[in-house]
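Peer 1: Assemble the complex: chain X is given as a structure, and chains P, Z and Y must be docked to it using the hints.
4 protein chains.
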Amino acid sequence: MVNKKKAVIVGATGIAGQQFVAALQDHPWFDITGLAASERSAGKSYSDALKDPSSGAMRWWCTEQLNERVGKIKVEDGSKIDVSQYDVVFTALESDAAKILEPMYAKEKPVISTASAFRYEDDVPIIIPGVNLEHTELLEAQKKKRGWKGFVTPIPNCTTTGLVATLKPLYDEFGINKVLMTSMQAVSGAGRSPGVPALDILDNIIPFIRGEEEKVEKEVQKILGKLEHDKIHPIDLAVSCTCTRAAVLDGHTEAAFVSLKKKASIDDVKRAFEDAGKELTKLGLPSAPKKFITLHEDPFRPQPRIDRDADGGMTTSVGRIRVDNALENGIKYVLVSHNTKAGAAKGAVLVAEYLVKKGKI
Amino acid sequence: MVNKKKAVIVGATGIAGQQFVAALQDHPWFDITGLAASERSAGKSYSDALKDPSSGAMRWWCTEQLNERVGKIKVEDGSKIDVSQYDVVFTALESDAAKILEPMYAKEKPVISTASAFRYEDDVPIIIPGVNLEHTELLEAQKKKRGWKGFVTPIPNCTTTGLVATLKPLYDEFGINKVLMTSMQAVSGAGRSPGVPALDILDNIIPFIRGEEEKVEKEVQKILGKLEHDKIHPIDLAVSCTCTRAAVLDGHTEAAFVSLKKKASIDDVKRAFEDAGKELTKLGLPSAPKKFITLHEDPFRPQPRIDRDADGGMTTSVGRIRVDNALENGIKYVLVSHNTKAGAAKGAVLVAEYLVKKGKI
Amino acid sequence: MVNKKKAVIVGATGIAGQQFVAALQDHPWFDITGLAASERSAGKSYSDALKDPSSGAMRWWCTEQLNERVGKIKVEDGSKIDVSQYDVVFTALESDAAKILEPMYAKEKPVISTASAFRYEDDVPIIIPGVNLEHTELLEAQKKKRGWKGFVTPIPNCTTTGLVATLKPLYDEFGINKVLMTSMQAVSGAGRSPGVPALDILDNIIPFIRGEEEKVEKEVQKILGKLEHDKIHPIDLAVSCTCTRAAVLDGHTEAAFVSLKKKASIDDVKRAFEDAGKELTKLGLPSAPKKFITLHEDPFRPQPRIDRDADGGMTTSVGRIRVDNALENGIKYVLVSHNTKAGAAKGAVLVAEYLVKKGKI
Amino acid sequence: MVNKKKAVIVGATGIAGQQFVAALQDHPWFDITGLAASERSAGKSYSDALKDPSSGAMRWWCTEQLNERVGKIKVEDGSKIDVSQYDVVFTALESDAAKILEPMYAKEKPVISTASAFRYEDDVPIIIPGVNLEHTELLEAQKKKRGWKGFVTPIPNCTTTGLVATLKPLYDEFGINKVLMTSMQAVSGAGRSPGVPALDILDNIIPFIRGEEEKVEKEVQKILGKLEHDKIHPIDLAVSCTCTRAAVLDGHTEAAFVSLKKKASIDDVKRAFEDAGKELTKLGLPSAPKKFITLHEDPFRPQPRIDRDADGGMTTSVGRIRVDNALENGIKYVLVSHNTKAGAAKGAVLVAEYLVKKGKI
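Chains as they are written, first to last, in our numbering: chain X, 1 to 361; chain P, 1 to 361; chain Z, 1 to 361; chain Y, 1 to 361.
One thing to keep in mind: the hints can contain errors.
Copies of the same chain look alike in the list, so a pair counts if it fits in one copy or across any two.
[As the list claims (entries may be wrong)] Okay, derived cross-link-like pairs now, BS3-like style, lysine-lysine, Cα gap no bigger than 27 angstroms in a straight line:
hint : residue 1 : residue 2
1    : Lys263    : Lys4
2    : Lys291    : Lys72
3    : Lys215    : Lys5
4    : Lys143    : Lys72
5    : Lys358    : Lys51
6    : Lys263    : Lys5
7    : Lys263    : Lys218
8    : Lys144    : Lys282
9    : Lys270    : Lys290
10   : Lys99     : Lys263
11   : Lys145    : Lys263
12   : Lys215    : Lys72
13   : Lys5      : Lys282
14   : Lys74     : Lys231
15   : Lys290    : Lys261
16   : Lys291    : Lys51
Hint data in this document are derived by calculation from the structure and do not stem from the laboratory.
Pulled out of the complex, with its shape left as it was, chain X reads as follows (with noise of 0.2 angstroms):
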């Protein structure tokens, strides 16, 4: 690509904004050339901002290390950027200042987001490459509702995105009935300010994790739902989730039981999940995985610091296929899904690369 896309990253200091930075500073599509943050860190080079100020050690948190042009370049105060001078907006905010910030980026650009704080209004879709493509058709309804040149498109939470990955093809294939989940998701996932103490998780599991199972409830219902009318319509689908912390570093580990409309088998199932996602993986793009799905026949996978990694963070790992007997037409498997790649940055950046290619960028 001879013209790279400018972006700039909002919240670039916090962790999920050094992940944006990390997915996109080696892109063959995009070019970084803003980072934003609060009024503290801007005028600072990014490396300065990201200096604990009382040692002086920098706290960049990905384990790809920073670029140095990347690191150069001067931090700007989110809530005045020119955004005309990007051609794309990703934002890792908090969800109240999404709220201010990216309607008004929106206006003028394309904004891709981490935040929650507009995946629930009608006109706005929920985007998982390899699920719901279609939902982006939704996009220019956005912006013609709204007035805006730009648009808001959110990526779901990290908890969502393993999850509705696996349930695509079997409610494409088989129909479903209804979703029981327990998750032991990991402590990234709470980010580092303050993040999950390890006075907390060390010998320990966190039961709870505070309004997680109404987002993944709520957003499976949305992301298979059907765009008609300028609107996506939920399906009704019966979601249950226990949501729980462990003392994971990344990844996230799912156990799900599902009731097919259709009775499959285990054989059947494997192959639907086989064939997730062709239409993805077909496109080229840069950030997508080789396979959408990996299948693992070993009972003692996926694991999360194992399988975290696999196809560059973004597969979905599947595992422990079983006949669930309690269910009609039940079964039951374990996923893998890394939380901050496929759940968070780099599953945005993905988005992104899907609207580069259909003009929309």
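Peer 2: Only chains P, Z and Y this time, still in chain X's reference frame:
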């Protein structure tokens, strides 16, 4: 109790056997008068048998201090003990050894076992005090049928214990259609030799424990079953589990989803839990918990590290009781049960206490 | 003791303050009659002040159950309490707040503090019972010099406690040339807000704790120092530390290398450790350990998880005592000390017990 | 390189053997043409030999994917291989097996070993590229003395590697009087069967690793020694260690205190570290790090989880370089070294690369 019952522990040097020692060494009703293990340990004092051959260091794994008197008992070869000198035999054996040795002991004396060897035989009850004490009646039939003066009564798998403790009051009050459960189990459940390697579980979840799910499903049906015509008739209840291992030392956490036969409000459910096990707590058994089920209103509870030791490790801690919208008359909750106390040796000692009370030991 | 001393705990809602509550709520000599915290908590009952505003769940972090009577005490604003109604003030404050509040209280009453604010002033002793009780004499001079009716007596940093407990008998018996120490410290030492994030410490060691090494070096010199002419004269002893953080909940582990002035055999050293703190244990103080130093012959001990709670968390566990061939008259050993018991509130309570015994409270 | 060297890995199914496979399977200079293990695995394809007998799941522990071609190699019985068909033998054996098998192989071919069996013999060098490549000269003498066509050259214990990598430049520039070191070692250093049980290390530190301290002390003296008259003369240097185990997966952390012969400023020391290993990095060996020692100014670094994989796991990361006031001309610092890369198979491969370059393989 003036005349304490004479107890021998077989498999006394292993981790489960040590837990029997810890539970019995200062017991008001039992006296440890014998200890048995493999031929290799026979003839040594118990303290010496626990010594690491290369360093001479004691390999005692319980937090309770080993009683000096017990440390001096000479260990016997488990395959050669004369059980006539004891009133009761506690066994902590691998299933294969239990199959051979437990009937040998039961010819003469009551055998309380943590092994699975006899759990699934028709004339063998799996007792959990507070749930199915009436099943102890079957022991008379067992003695008669097998021509034994004693009997074998095993406790369930440690993952069954907490689950069935919470299902019992629901079953009695409202009836149960189906149960779906995901466990996050402690590493102590796998024992020590070799147990779970640190390399496998640090920063990880292992989604499989061999044989565990089948055991839980079968044992729940039997423990809730009806004793009729000298046989336990397992109930016809669909139970479906996914059992995983987490980086927790002690205490199994289980996320349960239950479909009730009769609609019940959350308050009804809480009341049923509050009232559970009342007949047990009235008996005044030394190892019984004060509350059979301990309810938590704090949504961040129960947690294994914080709640496992509540009430001597003998209560089942339950929280996050909510409506489940996916199942018919669905409720869901999270429980924590101490796998090496209520779910192992101390649970077996509680069974023995009941049998003493009933004159069967 | 018929007339218990009336105690107020300032900073009572934080984790260190809660540990004071746990150590004092059933104390034979003290009665908690007041609790103070920030303005925000003032006016609420202690139980209410501990409640999480959003979930209503109690944020009580100790393993001991909170006493119902204490939960009902109305919390006061620490900056406005009338100390005349108490016999002693226990403070668990950040250094900045301690600088302001502690002198205010000390004008009237004895203040036992866990803060570092006054530790390094000439007329302030840092007491560890078993090591330098004679330094309590300095409190009279402090009162006179400052014109206070009370005094401030801080305990040392939690990392100093175990080290100096083992150095004292060596110093007295053989003299010490130099000390080199590497610590592996528990996360509870960093408190809870924010404390150590799980993201930082899982599968990791952090090789730095701000300010810690300097504190240990300085405090060791002062605690072993001589009280003369109303001043403590720190000894001239080279102490060099590397302080690291490990994935341990409670209990600091320290690997010490010590060069003695006089050659001593390993048996001499063990004897010195065995005899340490005898004058303390004779006093019959309620929180004192039975053994001041607990020796281990097993080379795999001491371990923080297994040994931290020994003797009520008030003993220092020592093992791996060996000759060190790099230092002159070198010995080396490993110690474990409970950082939130001996090294914090319970250690401070032990100081108060001594002062009661001596009639100074 | 047109003609790759034919390599056989003995002990290929264990964790250290797998690490050899990972390091060699895509190597530009070596071709894995043989794999050997115990009799039990002989005759199976390598993939089949790694399969768990009960579940059929592959027990491959490296993060690198196993190369399909290598998976198909038929495993030989290590006690019966014909080494004449290989150019070099890499061994990952227990010490007892190494004592018997390595001389058998060395009669014909060069043997690069991770075992300690021959480390302490006079005519056997312990090579760390970047530290003592000149010791490879001894191999000729070894061949002559033993009448072998090949030779045995072991790498050091994984705890020695990082320490001696940092001592070498200090020794050359300033001279060293004494070294005191405390390690916090990763669980992977103990292997897998059984390795460190999770029950031992969660929420814990284990203060002892059998034999480790003696090895480090001896190996440092030998590796820094002088080769003269066909013998390595260990230097007379006092080295004293305390080796502990921490809840870390990979990467040994070591806190070193060093007394130099000549006074050196911190800047002098940093310069010596910066310049270390230059002759190695110039050679262009495929597995060599770009920087032999990687310096950190951030006081919170190095950390094992963050720094172990730097530079392919082959650099030694060093930080917290400070003056030590307890030792004469004292300095202190913390290092992290990857115990299963630089300290094991990949370190051995680097030795082999050098020997190829020198025409000795």
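Peer 1: Output the indices of the hints that this structure fails to meet, ascending.
Peer 2: 1, 3, 4, 5, 6, 8, 10, 11, 12, 14, 15
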